[in-house]
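**Q** Below, each chain spelled out in residue letters.
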Amino acid sequence: MTGDNTLHGPARTGGDGVPRRKIAINADTTPWYIYAAIIIFGVAAPFIFPAYTTQIALLWLMILFALTWDICGGQMGYNSLGNIFFFGAGMYISAVIQVGMFTDVGTYTSARGGEQLVLDYGDYFFSLFVGTIAAAIGCVVLAIVLGRIVFGLRGPYFAIGTLGLALAARELAGTWEWIGGGSGIAMPVYPGQPHEKSVVFYILFLLLAVLTFVFVRWLYATRFGLAINAIRDDEGKAEAMGIHTLRHKLVAWSSAAFLLGMSGAIFGNLTGFIEPLEVAFPAATFGIFMVVMALLGGKGTLWGPVIGATLFHIVKEVTWTYLLGWQWVALGLLIVINVVFFQEGIMGWMQRKWPERFGITVDQRVSADKAGEEASR
Amino acid sequence: MSQPLIAVEKVSKSFGGVRANSAVSITVEEGKITGLIGPNGSGKTTLFNSIVGYHPIDSGSIKFEGREISKLLVPQIARLGLLRTFQQTRIYAEMDCVQNMLISVPHRNATLTDMFRAYPAELQDEAEHLLEFVGLYQKRHLISGDLSFGQQKLLEFAMALMNKPKVLLLDEPTAGINPTLINGLIDRLKRANQEFGITLFVIEHNMRVVMNLAENIYCLAHGELLAEGHPEEIQNDQRVIDAYLGAH
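The listed protein sequences derive, respectively, from chains A and B. Residue numbers are given in UniProt numbering: position 346 of the first sequence equals residue 346, and the series is strictly consecutive. Residue numbers are given in UniProt numbering: position 126 of the second sequence equals residue 126, and the series is strictly consecutive.
It is worth saying that the hints were derived from the structure and are not from the lab. Misleading hints may appear alongside valid ones.
Just the calculated beta-carbon pair ranges, DEER-fashion [as the list claims (entries may be wrong)]:
1. Thr113/B x Thr321/A: 46 to 56 Å
2. Ala93/B x Thr29/A: 42 to 52 Å
3. Phe358/A x Gln194/B: 34 to 44 Å
4. Ala93/B x Leu211/A: 46 to 56 Å
5. Ser12/B x Tyr157/A: 30 to 40 Å
6. Ile39/A x Gly176/B: 29 to 39 Å
7. Thr30/A x Leu112/B: 56 to 66 Å
8. Glu195/B x Ala27/A: 29 to 39 Å
Here are a few chain A residues that face chain B, going by a calculated C-beta distance under 8 Å [what the hints assert, rightly or not]:
9. Ile25
10. Asp28
11. Thr222
12. Phe224
13. Lys237
14. Met241
15. Ile243
16. Thr245
17. Thr361
Ideal placement from N, C-alpha and C gives every residue a C-beta, glycine not left out.
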């Protein structure tokens, strides 16, 4: 042991200064005032910016998208391009359950929107609650069943396999007449005023985003967090060490599916009308946005997806308003800058720049040794 | 000792037309250090991979504590307490050393809810104790991918000890390690064997190391078992000398 010290000198991280503490994996060192600021903004936003209530509600949805994508994509190293599948599946499950609670689904959809489901407040919120829970549970079941197939794939094959899943679901929903086929299905009508509706759904999305953040923050601090990081770093090694890799992968994907299913159910009710291409399975917009947002903010970090989603959403809304016609070009440019110059994302870049602030220890001498070793090979 | 810990019987494995192992039989006795030597390409790593379940074997049988394991999967075999380290050292490069250690705890009886539990503080003590044992205590909060190759090798060894295996298969533990550190490593391997009671099965090219370490040595050449015996017997075996000098 002393041999090592003389070889490399005493490391800067001497154990003596570090106080004994309970084991905190991926400890969240965020100062309290950041949380306070976010909560104050979240509560006050619909009053300060009443005209943008729905846009800000969608910001919470985008944060949920990025955070749930990052469970598998960032923390576990499985880049799914098909997580939008659970968004759409949750939407359709809730639609069928909510409509089915009051009328026959087949008759309702064959009327092609000619029939409207008008409910009172009690029935509406009860059906919304039941539909959302059913969507969450249904998506978990789908994730466990389909996960057993797609988690046999690695790397780019997993990405393409999951993308195929989302596209197949989209085609299937488009031809399945019972759920409305290509012409879609109308959701129960909100019983109150439009502005009241937007505030209600704003609150639902805010609560869902907070739930998602609190959930992943807890998840990454358990053994589970380390295990999926181990799968990301070297899955073959994780297997050789006896980690139940498939079990962890299924739980990771199911967690994302649970939250995405709920968000899909609530989004469907907000939109009021579901159809497969643009609303339920928008693989080329929301499906790609969730990946881009996580990469932009820094995948594999707690805050990266939140930052990425916020920045992305602001850029998107601003360009849609002021650069109409060029908005896709602007978004494309943002993505290109991200993947060419900031591959590690905003959080990753900050962690490399100021490691001590994030509790990461860097030993310059070790890094120098390593560089020398690699150069001499 | 009634039965050996690992009993490999007439195991054959071919890749296409290449017979990597043909009818190899070896035994690893509990509590001992067994060595496996042979020239490059003689099938040593293939035999290791067969034992730990990386690929199905063509014929023969592999028993661990009397139980047939040749049909089990890699994680299942690892959970039985039969662990291997890699020739190309493999660690979780983006995690720090303590995290690497913590995730290496045994998963033998892990239930579904265990994965959501936190780590008790005693595990951190155990992790730090083992890191101190291999001489990495000072570097325990560093990202492991930033360590030098030799240090990563030591970390991988410590991770294996954290898993509390019954037997540890080490694929060239001293390859790429600074010669001045090799003596320390031999000492630690012996202490792991004696103090922690872990049976070792070691592939090694460095003759000085393997002769110093192992109580019983097997020599492979061209996928066949060439010789078996105590270090002195192997050292003086003309067939082994010929195999290494290329007389085959």
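**Q** Give a verdict on every hint.
**A** Against the structure, the hints:
no.: 1; hint: Thr113/B x Thr321/A: 46 to 56 Å; verdict: 49 Å, holds
no.: 2; hint: Ala93/B x Thr29/A: 42 to 52 Å; verdict: 23 Å, violated
no.: 3; hint: Phe358/A x Gln194/B: 34 to 44 Å; verdict: 41 Å, holds
no.: 4; hint: Ala93/B x Leu211/A: 46 to 56 Å; verdict: 32 Å, violated
no.: 5; hint: Ser12/B x Tyr157/A: 30 to 40 Å; verdict: 32 Å, holds
no.: 6; hint: Ile39/A x Gly176/B: 29 to 39 Å; verdict: 52 Å, violated
no.: 7; hint: Thr30/A x Leu112/B: 56 to 66 Å; verdict: 30 Å, violated
no.: 8; hint: Glu195/B x Ala27/A: 29 to 39 Å; verdict: 33 Å, holds
no.: 9; hint: Ile25; verdict: 7 Å, holds
no.: 10; hint: Asp28; verdict: 14 Å, violated
no.: 11; hint: Thr222; verdict: 5 Å, holds
no.: 12; hint: Phe224; verdict: 5 Å, holds
no.: 13; hint: Lys237; verdict: 4 Å, holds
no.: 14; hint: Met241; verdict: 6 Å, holds
no.: 15; hint: Ile243; verdict: 6 Å, holds
no.: 16; hint: Thr245; verdict: 7 Å, holds
no.: 17; hint: Thr361; verdict: 4 Å, holds
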